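Chains as they are written, first to last, in our numbering: chain A, 1 to 614; chain B, 1001 to 1137.
Hint data in this document are derived by calculation from the structure and do not stem from the laboratory. Hints are not guaranteed to be accurate.
Unchecked claim - Which chain B residues face chain A? A few, computed with CB under 8 Å, are given here:
1) R1072
2) I1096
3) Q1097
4) G1098
5) M1101
6) L1110
7) M1114
8) K1121
9) V1124
10) V1130
Note that the structure is a prediction, hence the values are computed from the model and not measured. Just so it is clear, CB atoms sit at the ideal spot from N, CA and C, and this is done for glycine as well.
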Amino acid sequence: MANLHGYAGRILYVDLGAETAHEEPIDGELAEAFLGGSGLAAALIARTRLSEIDPLGPENPLVLMTGPLVGTEMPSAGRLSLCALSPLTGIWGESNTGGFLGPELRFSGYDGIVVTGRASEPVWLSIVDGNVELRDAESLMGLDTYETQEAIRQELGDDKTRVGCIGRAGEHLVRYAAVMNDHGRAAGRTGMGTVMGAKHLKAIAVRGRETVPIADLQGFARITAAVREHSREEIATQAIRMAGTAGYVDMATMYGDLPFRHFRTGEWDGADRLSGVRMTEEYLLRGRACHRCPIACGRETRAPVYGLDRVDGPEYETLGALGSLLAIDDLEAVIAAGHLCNRHGLDTISTGVTIALACELAERGILNRATADGLTLRFGDAVLLHGLIEKIAVREGIGDLLADGSAALADHFGVPELAATVKRLEMPMHDPRAFGGMAVTYALSPRGACHMQGDMYSVDTGQVALEELGIAPGDRFDASEGKGRIAARQMAWRSLYNAMILCQFQNPPAERIAEALGAATGWDLAPADLMTIGHRILTLKRTINAHRGVDASSDALPPTFLSPLEAGGTLGNVPDVDRLLAGAYGELGWNPRTGQPENPTLARLGLGRAAEPE
Amino acid sequence: MSFRFPSNEWIVELSRLLNESPSYESSAKDWEGDFVFVVEPDDGFAETAYLYLGLRHGKSTGGALLAAPDERPTEYRISAPFGVWRKVIEGELDPIQGMMMRKLKLDGNLMKIMRYPKAAKEIVSCCADVPTMWPGN
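Construct the entire structure; sequences and hints are all you get.
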């Protein structure tokens, strides 16, 4: 595959049950159609017998995939996608992580890894300069994610080795376990760490020295320089560089985007104390960057009250999920809670939302102290939060119940309507009452309630504007079919991002991205072609989910978000989901009655074959 | 009575309205930092105008039309063509959206201003309350 520019050219297949590994050349046609990341992973997973897969079973393929821009000079493209059927939701699962793990995989000579089977004993996968080896992980079991990364680097005797691993949460099959790498970087959502735990795969370590072949090196250098320059001038990236994603807290509070007390109240005095600017001024040690990223959104902070001199994060989602959502305004306590989740390998969003639901259930008298191990579950209690995180990570007592997520918790008590989930994935910290377009993203996202599949809050705050592609900022409360169409286009655009893989904080003009991809791969691409690729990927994931029982009736928001808040930045607004979805289905060419892609849409996107399992 | 934009009378009226606004006062209670708004020429307005607005601890210390941008020291400068300012004042363009899209150019300490988005919103809200007469009308 020497002629396939932009790709290492090989995918590694590892069967943990058979203890075998082999490599296959990357399919050039498939790469051109789905690029990489979660797009190419979807194309590979779509070939399996989707309806018969148990997400915790050995047959669930875990695909780690990079993209054509990963590990190149393209700014902010140091990412890696992890995809499988989700043990939390039962449908399509994906999460992507920053740091250096993705680039290092490319330097080791592989674009991706497909892991199948289940090891009879715990193992970790070593990929060093093309040598693939399964190693005994018995001594690593029970170690947290930081300890695991360090132990593996020591065993290999190379501190440049990049390690993706699970912590205790993954080992105990907490359904929203994360995969952690480069200290506190996380592939957090949809339980990809749980899939690793179910496969008895504690870690994947990668080290390599190859480079990614670029079709037009000079052109690529010129384009990436222009992207860096654009990034420097963007006020949104300047703000993220200064205060991390946490810098959005004050703005989110004004818009009513940051949720309080399990999404139930519109105002809360404590938000001011969780301000990212305050965090920067009082607790920040330094910003940290992923591979070739000029933004450096990562944070290194301290929490002296908890004896923490240097920890990773928190970012905006964690400040919300472990802070405002639980009415905890002690910033150091939230930093410590985020660090606990990182150590154990827990998705901070699902952790926080599930604990918040438990607090609401206790407030309503549904969950009593006896069930809660004698604990009084209540909002605003940081000590309780830290204790519950520990219990969840090892499924101890009430932690066992919480470890299955919000939807399962609500089902357990016979109140499914109280779960803040879509398709059983917990809502992130962006309220669809604050940005109507987010209702479309949450309802139609292939992985359930997910803000990374179409960030309409970025569009309607002006942070992302691609007017040439029909993605124009507008009124955030607009709930017209037109807004639904814009949201659908943004979903297609972000599907492309999650395939390239490019960080969503890097937003050059579409033309520049087309040029960068073209220079890397040698393909002749225009912005409209990119939208078609994104649309294709989004639609393929939809067909995967159709095999898992998703239809139009699944495309609904929980009742909480259809009730207006009496105060705060959402001004009593509730999105008109039906009208928004009518526009979105129309834009995507999906049948509004069934929710499934129409045949002409599948044909136009070339999905006739790819959408059918082999 | 209407006030022509941009003019000394218009910015003085904005200053007065801010001092009557409890929402602005509470959202900017710790704020310290004066602004100059630069109105750049375009099809709707042929000159450049500099509007000074003093702001301290939830109150406006005064407004004035300046002859030059550095006539008074200010911590922030926001520049945009006349037509963009008109859209902001008439509520057609969210000022944060405008800044993100580089329609309004901000010079000054970004970190500090990020702490006060609600105050910015209240200022715009008061702008909309100034009875405004536009050039050519």
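Hint check:
Taking 8 Å as the C-beta cut-off, the interface hint given for R1072 (chain B) is violated, the closest approach to chain A being about 25 Å. At its closest, the beta carbon of I1096 (chain B) sits 6 Å from a beta carbon of chain A; the interface hint therefore holds under the 8 Å criterion. Hint on Q1097 (chain B) holds. Least Cβ distance to chain A is approximately 4 Å, under the 8 Å limit. A least Cβ separation of about 7 Å between G1098 (chain B) and chain A falls short of the 8 Å threshold, and the interface hint therefore holds.
Annotation: interface hint on M1101 (chain B) holds; nearest CB of chain A at approximately 4 Å, less than 8 Å. Hint status for L1110 (chain B) relative to chain A: holds, with the closest Cβ pair at about 6 Å, below 8 Å. Of the supplied interface hints, the one on M1114 (chain B) holds, with its beta-carbon coming within about 5 Å of a beta-carbon of chain A, less than 8 Å. Interface hint at K1121 (chain B): satisfied, since its Cβ lies 6 Å from the closest Cβ of chain A, which is below the 8 Å cut-off.
Annotation: interface hint on V1124 (chain B) violated; nearest CB of chain A at approximately 12 Å, more than 8 Å. Because the closest C-beta pair between V1130 (chain B) and chain A is about 22 Å apart, greater than 8 Å, the hint is violated.
Figure legend: structure checked against the earlier numbered hints; hints not met, in rising order: 1, 9, 10.
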